[in-house]
Every structure is written in structure tokens, then in C-alpha cells.
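Visitor: So the chains spell out like this:
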Amino acid sequence: MYKVLLFDGGVYRVNELYELVEDVGGFIIQKTQTHVQILVTLAIPEEERDVIERKSQELGAKLTEIPLGGTEIAVVAPTLGRHHMPHPVCDIAEHLRRYGAITVVMGLARGKGRKSAQISAEEKALINEYDAAVFVLGNFEDCIKTEKVRLFEDIRVPVVVVCGPAIDGLPNCKAVVSGVCRRVERMRRAEDIAKLEEIAEKVSKVIEERRRIIDEDPLFVHPAEVRQRIEDLPAVQKSLRPAPIVLHLDGLRVKIPYHEWKDQLASIDVYGRKLKEIAELSDSRLDGSTLIRIYSASKVESMNQLESKKLLCDQASAHAKE
Amino acid sequence: MIVKVEGPEKFGNESYVELFNSILLDIGITRHVEAVKFIIRPSDPLFLISVKTRKAAGKIRITEIAEISQGKEGTYINITDENYAPSLISLLWQLYGRERIEQLSRLEILCKGIDEKEILEIAIDRGEELRKKVLDALWRLLPEGFKIRYDLSSENIITIVATEYEMKEEWKRLAEKVHADMEVLDVQSAAL
Numbered sequence: 001m002y003k004v005l006l007f008d009g010g011v012y013r014v015n016e017l018y019e020l021v022e023d024v025g026g027f028i029i030q031k032t033q034t035h036v037q038i039l040v041t042l043a044i045p046e047e048e049r050d051v052i053e054r055k056s057q058e059l060g061a062k063l064t065e066i067p068l069g070g071t072e073i074a075v076v077a078p079t080l081g082r083h084h085m086p087h088p089v090c091d092i093a094e095h096l097r098r099y100g101a102i103t104v105v106m107g108l109a110r111g112k113g114r115k116s117a118q119i120s121a122e123e124k125a126l127i128n129e130y131d132a133a134v135f136v137l138g139n140f141e142d143c144i145k146t147e148k149v150r151l152f153e154d155i156r157v158p159v160v161v162v163c164g165p166a167i168d169g170l171p172n173c174k175a176v177v178s179g180v181c182r183r184v185e186r187m188r189r190a191e192d193i194a195k196l197e198e199i200a201e202k203v204s205k206v207i208e209e210r211r212r213i214i215d216e217d218p219l220f221v222h223p224a225e226v227r228q229r230i231e232d233l234p235a236v237q238k239s240l241r242p243a244p245i246v247l248h249l250d251g252l253r254v255k256i257p258y259h260e261w262k263d264q265l266a267s268i269d270v271y272g273r274k275l276k277e278i279a280e281l282s283d284s285r286l287d288g289s290t291l292i293r294i295y296s297a298s299k300v301e302s303m304n305q306l307e308s309k310k311l312l313c314d315q316a317s318a319h320a321k322e
Numbered sequence: 001m002i003v004k005v006e007g008p009e010k011f012g013n014e015s016y017v018e019l020f021n022s023i024l025l026d027i028g029i030t031r032h033v034e035a036v037k038f039i040i041r042p043s044d045p046l047f048l049i050s051v052k053t054r055k056a057a058g059k060i061r062i063t064e065i066a067e068i069s070q071g072k073e074g075t076y077i078n079i080t081d082e083n084y085a086p087s088l089i090s091l092l093w094q095l096y097g098r099e100r101i102e103q104l105s106r107l108e109i110l111c112k113g114i115d116e117k118e119i120l121e122i123a124i125d126r127g128e129e130l131r132k133k134v135l136d137a138l139w140r141l142l143p144e145g146f147k148i149r150y151d152l153s154s155e156n157i158i159t160i161v162a163t164e165y166e167m168k169e170e171w172k173r174l175a176e177k178v179h180a181d182m183e184v185l186d187v188q189s190a191a192l
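Residue numbers (our numbering), protein chains in the order written: chain A, 1 to 322; chain B, 1 to 192.
Chain A extracted, bound-state conformation (with noise of 0.2 angstroms):
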């Protein structure tokens, strides 16, 4: 399994890190670089972690574990109208970013009231384009545990909640936050920062059990890989919005036009493949990007032996008709 780790040091000999982490099998994610200071977020296998921090402590930086590194993350709360909870969501939703996540803030459109409170079909959608989705919710259990349930019912991706009364667990819920309740100020005392830990901390054992399972029947290649290609797309480098490509889990969302650019990015080569053969291509909820989901190596495998066969039963068939 990947680890992602963030190197935090000087430009001085870093192609010697870039070397090593080719050559344990890695990837650079993203490379920040601020004079002669240099940021570098990598992803590389569990066993190579002693390696790169060697290298690391040779070189005279700091590496940290980054668990939400290359995850894209929702979080949710009923309506983002001062009634709810901007102000925790808001704090939630930076905390993460702490950990290495890019977080999407949401407020549903009609996600107020008891029992009046709806999640439409495009919202969870939308939501399961993510790696996992945090839900903000209120002050009272019987509240959450008899209406609020059904907001993330059918939701694909992991849910964490975060709300206010202690729960041990709710349905469709991968784990449960609670001590957090509609306030007017920002979360800034010792307990609220123990508290924004605690939500990290849990998100991030959610990612890491979905990792797992992803690792179980790995990915054709890696999203930074793919990334890697993209990057250099003239559409890619001319994109104004911020983290033009985000990577996930599972693949990546490249905020472009779907119907403008769907040809060009699946003739794209990656290891003599087009990535059309190795991935699905969709446009996304989110106006103007694209959604690329890598399939995984056994699902690759797969297509191709039914490739060969239908081949093979062309040519066979030909040979009959002469």
C-alpha cells in the first residue's frame, strides 16, 4: 500500500530524493516550491517508508505522514446559513486540508428543518464523486437518529458524522463524532482543536480502510501516474481554477470540460495503453471537470483476455467465409 508523505526542506540535491523515490516505485504528487525552500508531497510503498526518511534526514528535512494526502473530501452540513453550522464546517473542512486532503464545502438545498430535511439525488451524486463525506450535524440525538439518517442512506462513499449528542454508531456511517454543536465563534479553544484532531484522526482510518480494500485488487497504475500525463495538457496548464487536477483514491478529476477535451484525454498513453482502455472517463457534477476512474489491474487483465478471444473468433469466422 501507499504511503503519502510530505518532504519539507531545501531544493539542494533534492533530485537525489526524485531519484530514490523512482526507483522504490513512487511518485511525486506536487512540488511547491518557495526560493530555495521546497515542499514535496510523495506517495511511495508502505516497506520503502525507512529509505526515503534516510534520504530525507541526509538531505536535512522534515517528512510527515500526510493521511489524507491525494484525497478529495466533502463536507456537508444541512444548509451553510448561520442557523447551521458554517462555523464548524468551515473549521472541519480546514483541519483536513492540514492533513494533506483538498476539502469541498457543501450546504444542501433543502437540508433544513426535522423532518423536512431532503438530500436530492444530484446532491448525492455529487457526493459520491469524493473519497469520503464528512456530515456536520445538530444538537439532538433523537433528531439525528430518527430524520437525519436518511441524508446519507444511499450514499456510496464513506460517511463520517460529526455532531453534538454522544452516538455510538449510525447506520450507513463509517464513525461518529460527537461534542461538536451549533456555536457562534470559530473552533479555536485547546478542547476545539482535540476535538478537530479527533475528526482528522477518524476520517483518516476511514481512508486508510478504503485504501486497503482498493489495495486488495490494485489499481492498473497509480493516479499520480496518470497525473503525471495530464499535466502537460495545453487546456491543464491555461486553467485558472485552483488544483486543476485533484487526485482521489481511485483516479483523479481534471477540471476541465468533459465534451471539450474527452478525445484528447483518452488517447492519452500511459504504458502503451490509451487511457480510455485503462480508465472510465465521465463528465463530472462539478461545472467543467472531468472525472477519470482507473480501472484495476485485474479488470484490465480481464478486458483484454475478452479482447483476444473476440479476436480471435474474428479471425476464426473470416477464415470460415473464405
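Don't take every hint at face value.
[As the list claims (entries may be wrong)] Residues from chain B that keep clear of chain A, each with C-beta distances beyond 10 angstroms, as calculated: (1) I2; (2) R31; (3) I65; (4) S69; (5) N78; (6) Q103; (7) L104; (8) I124; (9) D125; (10) S153; (11) I158; (12) V187.
[Unchecked claim] Taking beta-carbon pairs under 8 angstroms as the criterion, some of the chain A residues facing chain B (in silico): (13) H84; (14) P86; (15) E185.
[To be verified] Now the stretches of chain A that chain B is said to cover, found in silico as 3 or more residues with beta-carbon under 8 angstroms: (16) 105-114; (17) 159-167.
Everything labelled a hint here was simulated from the structure, so no lab data went into it. In this text, all values refer to a predicted model and were calculated from it rather than measured experimentally. For every residue, glycine included, the Cβ atom is placed at its ideal position computed from N, Cα and C.
For this one, chain A is given, so just place chain B on it according to the hints.
Guide: Quick look at chain B alone, frame taken from chain A:
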């Protein structure tokens, strides 16, 4: 401030009291609220709040919160106590219309073609001011989806009961009872 909460869930009750305290602090009227009573029933759903405030002391003259000077185009007001700025501007709009009141900067107002003497007569009702602030606090506090509301108001008490779909008669009676109890509440002996 006396606080009394009736509700089935300890955490929810406490968090609403904490939330109300933060809102009062935010608006700056903590010292003006004498007593508050909550009745919270999430399963109905019902949310009732009754607030008793201290009696506000009379009116405040414009000269106490601003400097007035006569100019060629009219009277210039330079607000010195920003707390009263929103209510003073809305009062001026009410009295003279928006086209005659020009806000030159955050705290400077020009009253076009209005004589200084007229402006000097203006006074702001402190009681009305406090009532607006309490109402603001209550709108911030009430659960967002609870749009069906029934409210009662007397000189220094405001009671609001809110629900999601249908307001039952018994809830209105309950609000009236809580409101009446607040009226006779002796804050010194402190029993709600």
C-alpha cells in the same frame, strides 16, 4: 440571568443555553436580559423561548451620540457612538426619506436641506433599541427549519414558539402560560 430549560436531552438543552449566551455576548446585551426560559421538544417538534429584559432607561438624545453641524447643503451628523449608527440612520430615513439622507462615510451623514434645529430634536428610544436586539438574538437562535411561529410580546418580555408544520392550539396556550409566568416572575426570588 436566570435560565431554565425543559427538554428531554441534556446535551441539546445545555448547548442551546451556551449558544444563546454566545449570541447575547455577540450582540452586547447580556446584562440587559434578566431571565430566559426554553422548552425544547425535538420529537414534536417544538421550540419555545421566552425572554425577560430589564426596563430600558428612556430616550437618548442625538447630541449624546453624535456631533451636529450646519452646512450649506444641510446638516452634517458625525456619529461618535457607533452602537447607535444603524438605528439613527434608519430613523433618519423614516423621518426624511432616503433621497434626503446621504451617508458620506461610515459615520458621517448629510441631511440635505434639513435645518440643524430639526435634527437636534431627534431622540432614540432605548427600549425599542433593546427590543430589536433581543429579536435579532432570537432569530439567530431559533432552529432554521422551524418557520411556523407564534409570538407574544409585552413591555419587556418576548415569547416565541416555533415548529415545522402545524402550530397546535395547545402550544399557543403553553406559550401564553409561559409568557404570563414571566410577567409575574420576581427575579430576586428566582423561581421560574
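Visitor: Each of the hints needs a verdict: does it hold here or not?
Guide: Hint-by-hint comparison with the structure:
Every C-beta of chain A lies more than 10 angstroms from that of B/I2, the closest at about 22 angstroms, which supports listing it as non-interface. For B/R31, the requirement that its beta carbon stay farther than 10 angstroms from each beta carbon of chain A is met, with the minimum near 18 angstroms. No Cβ of chain A approaches the Cβ of B/I65 within 10 angstroms, the least distance being about 27 angstroms, so the stated non-interface status holds. Annotated as non-interface, B/S69 keeps its C-beta farther than 10 angstroms from every C-beta of chain A; the closest such distance is 39 angstroms.
At roughly 32 angstroms, the least C-beta separation between B/N78 and chain A is larger than 10 angstroms, which holds for a residue marked as non-interface. Taking the minimum C-beta to C-beta distance to chain A, about 25 angstroms, the non-interface status of B/Q103 holds against the 10 angstroms cut. With a cut of 10 angstroms on Cβ distances, B/L104 stays outside the contact zone with chain A, its closest approach being about 30 angstroms. Non-interface call for B/I124 relative to chain A: holds, since the shortest CB-CB distance, roughly 26 angstroms, exceeds 10 angstroms.
The claim that B/D125 lies off the interface holds: its Cβ sits roughly 27 angstroms from the closest Cβ of chain A, which is beyond the 10 angstroms cut-off. Distance to chain A confirms B/S153 as a non-interface residue, since its nearest Cβ pair spans about 22 angstroms, more than 10 angstroms. Distance to chain A confirms B/I158 as a non-interface residue, since its nearest Cβ pair spans about 18 angstroms, more than 10 angstroms. At the 10 angstroms boundary, the C-beta of B/V187 stays outside the reach of chain A, the nearest C-beta of that chain being 26 angstroms off.
Residue-level restraint check for A/H84 holds (minimum Cβ-Cβ distance to chain B is 6 angstroms; threshold 8 angstroms). Interface restraint check: A/P86 against chain B, minimum CB-CB distance 12 angstroms, threshold 8 angstroms, status violated. A cut of 8 angstroms between beta carbons decides the hint on A/E185: the least distance to chain B is about 6 angstroms, and the hint holds. With a cut-off of 8 angstroms between beta carbons, the stretch 105-114 of chain A has 3 residues touching chain B; three or more are needed, and the interface restraint holds.
For the stretch 159-167 of chain A, the stated coverage by chain B holds: 3 residues have a C-beta nearer than 8 angstroms to a C-beta of that chain, and at least 3 were required.
In summary, the structure is inconsistent with hint 14 from the numbered list given earlier, while agreeing with all the others.
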